[in-house]
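Given the structure of chain H, go ahead and fit chains V, Y, P, F and W onto it with the hints provided.
There are 6 protein chains.
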Amino acid sequence: MRPSQRQPDQLRPVRITRNYTKHAEGAVLIECGDTRVICTASVLDKVPPHVKASGGGWLTAEYGMLPRSTGTRTDREAARGKQSGRTQEIQRLIGRALRAVVDLAKLGERTVHVDCDVIQADGGTRTASITGAFVAVHDAVSWLIARGLIAESPIRDFVAAVSVGIYQGVPVLDLDYAEDSNCDTDMNVVMTGSGGFVEVQGTAEGSPFTRGEMNALLDLAEKGIRELIAAQKAALKG
Amino acid sequence: MRPSQRQPDQLRPVRITRNYTKHAEGAVLIECGDTRVICTASVLDKVPPHVKASGGGWLTAEYGMLPRSTGTRTDREAARGKQSGRTQEIQRLIGRALRAVVDLAKLGERTVHVDCDVIQADGGTRTASITGAFVAVHDAVSWLIARGLIAESPIRDFVAAVSVGIYQGVPVLDLDYAEDSNCDTDMNVVMTGSGGFVEVQGTAEGSPFTRGEMNALLDLAEKGIRELIAAQKAALKG
Amino acid sequence: MRPSQRQPDQLRPVRITRNYTKHAEGAVLIECGDTRVICTASVLDKVPPHVKASGGGWLTAEYGMLPRSTGTRTDREAARGKQSGRTQEIQRLIGRALRAVVDLAKLGERTVHVDCDVIQADGGTRTASITGAFVAVHDAVSWLIARGLIAESPIRDFVAAVSVGIYQGVPVLDLDYAEDSNCDTDMNVVMTGSGGFVEVQGTAEGSPFTRGEMNALLDLAEKGIRELIAAQKAALKG
Amino acid sequence: MRPSQRQPDQLRPVRITRNYTKHAEGAVLIECGDTRVICTASVLDKVPPHVKASGGGWLTAEYGMLPRSTGTRTDREAARGKQSGRTQEIQRLIGRALRAVVDLAKLGERTVHVDCDVIQADGGTRTASITGAFVAVHDAVSWLIARGLIAESPIRDFVAAVSVGIYQGVPVLDLDYAEDSNCDTDMNVVMTGSGGFVEVQGTAEGSPFTRGEMNALLDLAEKGIRELIAAQKAALKG
Amino acid sequence: MRPSQRQPDQLRPVRITRNYTKHAEGAVLIECGDTRVICTASVLDKVPPHVKASGGGWLTAEYGMLPRSTGTRTDREAARGKQSGRTQEIQRLIGRALRAVVDLAKLGERTVHVDCDVIQADGGTRTASITGAFVAVHDAVSWLIARGLIAESPIRDFVAAVSVGIYQGVPVLDLDYAEDSNCDTDMNVVMTGSGGFVEVQGTAEGSPFTRGEMNALLDLAEKGIRELIAAQKAALKG
Amino acid sequence: MRPSQRQPDQLRPVRITRNYTKHAEGAVLIECGDTRVICTASVLDKVPPHVKASGGGWLTAEYGMLPRSTGTRTDREAARGKQSGRTQEIQRLIGRALRAVVDLAKLGERTVHVDCDVIQADGGTRTASITGAFVAVHDAVSWLIARGLIAESPIRDFVAAVSVGIYQGVPVLDLDYAEDSNCDTDMNVVMTGSGGFVEVQGTAEGSPFTRGEMNALLDLAEKGIRELIAAQKAALKG
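Protein sequences appear in the order of chains H, V, Y, P, F and W. Start counting the first sequence at 1; every next residue gets the next number (the UniProt record's numbering). Start counting the second sequence at 1; every next residue gets the next number (the UniProt record's numbering). Start counting the third sequence at 1; every next residue gets the next number (the UniProt record's numbering). Start counting the fourth sequence at 1; every next residue gets the next number (the UniProt record's numbering). Start counting the fifth sequence at 1; every next residue gets the next number (the UniProt record's numbering). Start counting the sixth sequence at 1; every next residue gets the next number (the UniProt record's numbering).
So that you can see chain H by itself, here it is in the shape it has in the complex (with noise of 0.2 Å):
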């Protein structure tokens, strides 16, 4: 039923590549199905005037798609002189869900800035840098204990998250592009290594939802982001 032949519980095949690239403290490529993104956690010495007074540390997140990592060519936004709502919006959500995990008091005064930036698009970008960023995340605070930069690790659990949603009336597990585009509900959920939710953002696209669905849709959810999040712990012990 499914394009992809799935089962309607079953995720696309997730690798994680750490040390991407060489010049970040965490660089992951993370790989769900044909969607690629290379997620990098910056640690810098500075953070934002908000968090100043507060002593503690802060994490942010940026995301963007090059431009040609979708099926037609999508504007560059550094052309464009602006980033566009949709970018802003799953930028702030990286932002929130990495912070859910992340104890900003033990990282002093520091900023870790993640960055998200999609190489090829294929449905579930935005869940995929949150996985993937995690484990880059991860590895940057693993630099700065190495260095002494802190003495514990403010990683309180570790964090996933999928997309679910409703395609052909049936409630389906990680939805690729040809799924997206064309299905009735669709989900994001944000969720911890001891099964708390961090964000559940669900949109009817055609016709409102039901509870029941949603209650399909947490379901799977949870069964996938236990599989991310294992494939999270290999990726880290590797």
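The reader is advised that the hints may include incorrect statements.
You can't tell identical chains apart in this list, so a pair holds if it fits in one copy or across any two.
Subject to a maximum C-alpha distance of 30 Å in a straight line, what follows is the list of computed DSBU-like cross-link-like pairs (lysine-lysine) [claimed, not checked]:
id, residue 1, residue 2
1, K52, K237
2, K82, K237
3, K106, K237
4, K52, K82
5, K223, K52
6, K22, K46
7, K46, K82
8, K82, K233
9, K22, K106
10, K233, K106
11, K223, K46
12, K82, K223
13, K237, K223
14, K22, K82
Just so you know, these hints were derived from the structure itself, not from any lab. Computed from a predicted model, the values in this text were never measured in an experiment.
Relative to chain H, chains V, Y, P, F and W alone:
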């Protein structure tokens, strides 16, 4: 327990004033407690390029806050030269919520341009905007029908929105600013008159939330939205 | 002769509502006929760099129109990414007019930030903004005095503004939109309570105007401003 | 009494050089004392959208200052990415002043685009711009007539401008920078060759001005503008 | 002597991977040592206005760096709202270099839009971009021919680029970052397969360079570009 | 053969006028044939952040063209809201060229801000800007020495620039617009008084150029720059 002395499942008083200004085809002032938003719906005889080919119409929304609608003055976005990520996120949400109940094909080659401007903010401005804007759109549609410009209403159902959250451990309905700025979880819910979900956006501000908490919040939201839709109906009869 | 049936030297009904919103130190709704402007005065504990050295304070003003305050929808300046030349001209005028009657040295190192937002436009929005903003500034100053933050009022005199013009060959007071868009000469006059001129801005829209016409217009403006200042005084007593 | 030793009613020396640069249809250098402005009038075969329907033409103006035309360097507006409010105010004034004496219907579907660029500033740059630009527009119109592109001149009258002000209590004509930055009242006056007023913009910089002072200033302006128009006529004969 | 232990006339290892991403008509990853750039060529069915009249096509290029492609994080240009002067200079250079070997008339009314995005920077990103982009353009042209959209290849010759410079007094080929940031003279050379110069851009960073040094640098560049073009040919065969 | 009847190795007449305007510390009008550029050098008592730590000074340049300095009107960059890529490329070149002969450490914590504004364009505006700006910087340095603000001149050598190109198959010196817009190869060369190269920027507009052509062009450039430096010396004596 609540700063406003309300019951956990109690909405703030809602007041919807139609024809609040004289120029717009639909012009509503909605007041939810101390939150006051002017919602206008303007009928424009043009559609954006991506709609042109469809032959149908479009509905879009913009959102703004008067600089001193807030406790401390917020910079004027027109003076800063751009809309914040928050503003763009909200106006995209309002547009999606209203389009979910409007059959754009029946609008003809027209745009209904919704403007939601917050005169006074006390929490819940985005949900108040949706609830008020629906009434403004309804009035604009009546204006089109009265002039014989369209034969049939493109409005398929009512739509309204409310925020819910977990404040001091208790799920509560319709957060005001005092609650919103101190809650653990904040969820905005958009539903139709027939009880379908259009948007669910839940965010853990502090610790993650459980499936059980989510269910409690959705129950509150359903109750609140039923009451808000009743208020819309009363206003449209009045 | 006038579309509104008014006498040539007759103002539109003026209504000044104080404390129109709850957050600002001064918050006024001024209505001049169908023109309605929310004027707030915010007290900020900072001054712009060019004032820093003086030790005194500053007063500045911003102006905006809600997109559908006008007969046809005007683009939202925040969405377009810049303020129009007209907006900047108006907000500079409002700022100069108010500074003419405020002794900035007596404000201390503070800025009174005035915002004039037009809710409904029917001609004369810039002059209504000045007249209403004066009352908002007065309330903000009273707020400062009441809290013991300044000892003495920096307000030296009242200030108000009105438009005058030549409509169908006749000098008339307080142009509404129907007159404004068809008049030959349009003049905005700002005067103090003691009858001094702060600004005179006359523009020939059609044929040039004579010295005699100018004198007739100034006579009307003096009469109108006397009445507007009386309305300000009544509002401040009320 | 005046820093320049001039009489109160004495203009600075005026010099108008036509064909100052070789590309523009009209290209004038105007020097009013040490203020020097290059004024060009370019004939473009297009009109802005709002004029399209009229079948006639348009005249618009832009204004700029070279960064070091001023005593201390002013930021380059192109580098800052926007024109200041002052710049926009001035270029709108120049455009209105010139349109007041040009019958746009007789231009055909063309725009006369005026550019006024200040090479050296010593007060009165906006009024010098208007006086010089009129001569440039006159030359551009002659160019159109010489090529048989229009049959009849659309220019109805001469137009020129001057500043007047109250300096150390005395009304004076044609303020230079030393006076302008220390005067109580500053007024820019635009008049036609037949003595009609096109613009009067008076501002009290210090204390408000009286009706009597205004009359004295207008008398000075009338005298000055008569002399400036004589200089325009002499230049156009030369 | 060189930080990388290379001979003065030795290129870094070059690797060119075609079909690196799946959406673009040409999609190449070029690696010159640690410098890695994704070069895509997108075929668009439109041309910019200034090309419209020619009946032929256009080729344009854009360039960007991922924020953490560099040793310390560089601000994201999309977030800052504009491209730097450096970026614009580079993308103009890439476009000119490629257009020098493409007969635009043979493209038909199409644009080949090249995007060069630096994934990891270690010196020579602009020259690597040109060398890689040529292969991407070649693939896009093959795509056009394969679909019968054009009959004949518009590509007249190969083109590649390399940097040369004087490092510690010695002319060297293909500067990496360690050399580039400490060299006296830096020169970027673009040449065709037949050995003609397309661009020579030499800059003395420290002391001026002599004619003799220039000749030595050009000799190195000729050698390097011959090898790079051999690598392009090998990749296109592969 | 040349449109201007000049010999292939003949410069256009050069005229350098110092003290062209009165405010700047260095203010030069340079005329190369019909190309006229105002070059000012302003001394500012501040340095950009990246220079702060060095204790030394900085020199930067900005470039602009009056809208009608060109044959057809060019849009005003200040009105469009950004500088073109060409403008940025030119102003970066001017800055680099001048910094090559100035010992910034000897400037003290000051910036010399150069502005080159083209009054009339006829080819070679960027090279004329460099040649003229050097004289303006020299005057600004003399101003600093005369006031005792620096003890010793930071100027190490003269610097000037010229364009050369291949026009109808013949290498020619100092291209004017008629040649520049029809030449095969265009090269801008910046050299010091002692004959070292600071910048060489050659571009094949049509077919690629050979090593032999490059040598012929560099010979012409050396001759031209010797003459331009002689003109600078004469001007500085005058």
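So, going through the hints one by one against the coordinates:
1. K52 <-> K237: neither (35 Å within a copy, 45 Å between copies)
2. K82 <-> K237: neither (39 Å within a copy, 40 Å between copies)
3. K106 <-> K237: Within one copy only: 23 Å inside, 54 Å across.
4. K52 <-> K82: The answer is both: 27 Å in one copy and 25 Å across copies each meet 30 Å.
5. K223 <-> K52: Neither, since 39 Å and 42 Å both go past 30 Å.
6. K22 <-> K46: Cα proximity of K22 and K46: one copy only (22 Å, versus 37 Å across).
7. K46 <-> K82: both (24 Å within a copy, 23 Å between copies)
8. K82 <-> K233: neither (36 Å within a copy, 39 Å between copies)
9. K22 <-> K106: within (26 Å within a copy, 39 Å between copies)
10. K233 <-> K106: Classified as within; 22 Å inside a copy, 52 Å across copies.
11. K223 <-> K46: neither (38 Å within a copy, 46 Å between copies)
12. K82 <-> K223: neither (37 Å within a copy, 40 Å between copies)
13. K237 <-> K223: within (22 Å within a copy, 46 Å between copies)
14. K22 <-> K82: both (29 Å within a copy, 26 Å between copies)
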